[in-house]
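Chains as they are written, first to last, in this note's numbering: chain A, 9 to 163; chain B, 401 to 1169.
Any given hint could be a false lead.
[Stated by the list, open to error] Estimated spans, in silico, between C-beta atoms of each pair:
| hint | chain 1 | residue 1 | chain 2 | residue 2 | range |
| --- | --- | --- | --- | --- | --- |
| 1 | A | 96 | B | 453 | 15 to 23 Å |
| 2 | B | 511 | A | 122 | 49 to 57 Å |
| 3 | B | 495 | A | 143 | 30 to 38 Å |
| 4 | A | 153 | B | 453 | 42 to 50 Å |
| 5 | B | 442 | A | 122 | 21 to 29 Å |
| 6 | B | 495 | A | 153 | 30 to 38 Å |
| 7 | A | 143 | B | 500 | 29 to 37 Å |
| 8 | A | 100 | B | 548 | 43 to 51 Å |
[What the hints assert, rightly or not] Far from chain B, by Cβ distances over 10 Å, these chain A residues were calculated:
| hint | residue |
| --- | --- |
| 9 | 46 |
| 10 | 73 |
| 11 | 101 |
| 12 | 104 |
| 13 | 129 |
| 14 | 149 |
| 15 | 150 |
| 16 | 163 |
[Claimed, not checked] With the C-beta cut set under 10 Å, the calculated list includes, among others, these residues of chain A facing chain B:
| hint | residue |
| --- | --- |
| 17 | 12 |
| 18 | 94 |
| 19 | 95 |
| 20 | 106 |
| 21 | 109 |
| 22 | 111 |
| 23 | 113 |
| 24 | 157 |
| 25 | 161 |
In case anyone wonders, no lab produced these hints; they're calculated from the structure.
Remember, predicted model here, so these are calculated numbers, not experimental data.
Think of the CB as a built atom: it goes at the ideal place given N, C-alpha and C, for glycine as much as any other residue.
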Amino acid sequence: MMKYIRILLIFSLLLLSMVSWADNKPLDSESIQIIVNAQSELTQLNRKQIMSLFLGRSTRFPNGKSTKAFDNKIGSALRDNFFEWLTRKSISDIDAYWARLRYSGRVYPPKVIDNLDDILETVRQNQSAIAYIRQQDPEQLAEQGITVVHTLRKR
Amino acid sequence: MQFKRLQHYVLLIMMANALVLSTLFSIIAYQINQRLAEEESKRQVHSLLAAVRKTASAAIFSENEVVGWDAVNGLLGTDVIYSAELESFSDGVSSGMKLSNINKEGGAPLPEIKMELESIFDESQILGVLRVTPNAQWVKQRTNDTSIPTILGVILVVFISSFASAQALKVKISHPLVKVSRKLKHIKADSPERLKLPDHLKLNEIGVLVDGFNELLDETNTAFNIERRLRRQMQEAQISLQFAKSEAEGAAQSKSDFLATMSHEIRTPLSGILGMLGFALKDQSITPRTKEYIETALSNAEALLIIINDILDISKIEAGKLTIEEVDFNVRKELNAALAIFPELASNKSLYFDLVVEPNVPEFLVGDPTRIRQVLVNFVGNAIKFTHDGCVQVSISILPIKNDSLSENTNLVCFAVKDTGIGLSPESIPKLFQKFEQADVSTTRKFGGSGLGLAISKQLIEAMNGTVNVKSALGEGSTFQFVLSMSIGKATANAQIDIEQTPHTHKLHILCAEDFDTNQLIIRTILENMGHDIVIVENGKLALEQLAEDDFDLVLMDGRMPEMDGVEATKMIRKGQWKDQTIRNKDIKVIALTANVTEEDRTRYLAAGMNDFLSKPIDETLLHQVIEDTISELLEQGQFLNPLIRISTSELDNLFAVPSEETIPDTSTEIQSMPHQENDTLEKKLHITFINSLPERIIEINEAFEAQNLEELGRLFHGIKGSAAYLKNQALVDTAGQLEVLADTNNMDKAPSLYSSFMQQLKSYQTTL
């Protein structure tokens, strides 16, 4: 019985790892772009400023304009990479952080938008929005009225 | 001081020690526990801080007060922390916040612990600080919680170990000590018992102590044994000394006895010599030259007698038999008599002799005249002996009394003999009074003498409670003096000394028992000179035979005789019976003739029933007196005595084998010249005595007649007959004589008329005066 359970457990773990590997495929060769509405007049944000905005420390841009960050799907490789590359912490730390804050009932994590098009659309239409995407051609983005204020790469 | 047991003392010390130790341990333990509690609180604080760190960091990072309060209150949720403060620094992004709270449970702060909080996502950026103060109360509580069991444990352990130590000490030290000390109380040095301890207790100092004590006991025991042995030896020595002493005393006694016996034995023949020499001197037929020889012999014999007497005195003194009389005596008369011979002796040496009696000396004193006389004679004799020219002076004086204790009646009488003789050297004076010592040995050669005189004198003076002293220097004469304390005496009749030796009125039939020939001769001579009838026998047995055969008026009995001595014979006389023979007159007067007249002898003689004593050599005057007394006593009793018929001189001469000559001894001359007038007065005196005694006699005769006691009647008639004969009443003599015969022959009832006429005669005689 015990033996059987053990075998079952090992098998299921193997299966689970195969699934996550397939889903969280690292994007080593890629970079992540932090984008804002071009009308926000922002051209550049440093990593620290980006952190404050995405991790709930600040809700304003350095120019004093109110801002709202949007997140990608939780568990996606993009999101994992983004936070890991941004904070140089594991994604579990980030989740724990948010868990703590959420526990207080006052601070909430950024709103999650599942697909890239929705993200681009949100940023295009909202001057205070800030979000991150997989690397795109900045020229194309600029045509859509989106400014890339920072690009994150794997270190 | 109360006795304190060592055991308790040890326990007390141990417990005190335990108290100190446990207190000390408790303090240390408390300190340690406090430190530990502090550490623990720090550790807990740190771990709490670590636990809230992320929350706090998150709160600071997100500037979220709610989360911040969560962190702060989360810290304060435990009582380890007293206060907590979360501060975020204001920077470009944050405006800063400060959240501070204290534990609602209360307590007190300890030094603050600070933790810097960096940004969660950038460790290089310090965003704030979390400050907490640990709670002192928690530390205290924690310390107490951990300390109390520790302290209790320590106290328990220390006390138990102390008690155990005390017990161990008790077992190891105080118990053996108690044992030893108890034993010590009862152990005695001379007992074989020793202190004992079990071996396991011996291997320490107590063991050494016990061993040491046992050794000491052994030594003491040895010492005791030695002492006991010494004591036993001493006792043995003492016993043998005692034995030696009693032997020596016995020897001394034998010596004294020997001296006494020898002196007596020597004196007896000596008295013979003296007596014979005395008679020889009275012999007129001897030539003057022979007389001179005899005189020399006499004086030598007298000197010998004095020496013998001295020796006898010494032995008496040594035997403690010396007795001192206390009689009244006439001082001047006694001294004159005592010193009467000395003027002549002194004049022989051309010395001046003087006797001075101070007027304040009482006429009569109480003392022992014989002993005083003896001492004075000795002193004067010495003075004359050692003085060649000058004088010898005897003086009697009364010394002033210094001592108040003496009674009024007592006088200190000083007798001094002073001479101008050769004197004495200072060295020789102390030796003077020792026995057999003279001033120096040459003195003995030159002057002779026994050397006993002064020793005897000193002893006599001391026996009279007197003191003697000598003042002298060589060549300047000497003064010997002695002082006696004597009380004033009463006048004495002294009739005996004054009385003139008158011839006896009646003739006595005298029996004399004496074994020594010369003495027999002397007594016979003296008594026959006095005109008495004498029978001499040689011992007590013969005397008793004579007394059974014949009627005697007087018995003179020598003390020491062969076969039967005087004492034994006298006892038989008084008994009235000897063997199968009856003593005719058991009430006869018995006079002891003896050389040894000690007090003891006197008592012995009196106890045997003797009436009086005469010492030998016999003093004629005293013997005369005794016979005189006997005659008057017998006459008074109504004894018939023959009037004295004078013995003729020739008869006496024959008896002594003296050639018959015209010369006659003085005594007989005196007897012949007896005055008749005196005889008459005596007769008258007897007559009165007879009449005075008559009423009593009549009563006696009546009583005897009533009782028909013929023997008594015979004796009474005999008495009357004797008296009547002396009174020359012939009628009464006849009647009494007839009645006596009737009574003796048991025929009294045959002549009642004779008896009544006799009684009538007696009664009528009463009125004749």
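Return the numbers of the hints above that this structure violates; sort them in rising order. 5, 7, 11, 12, 17, 24 and 25
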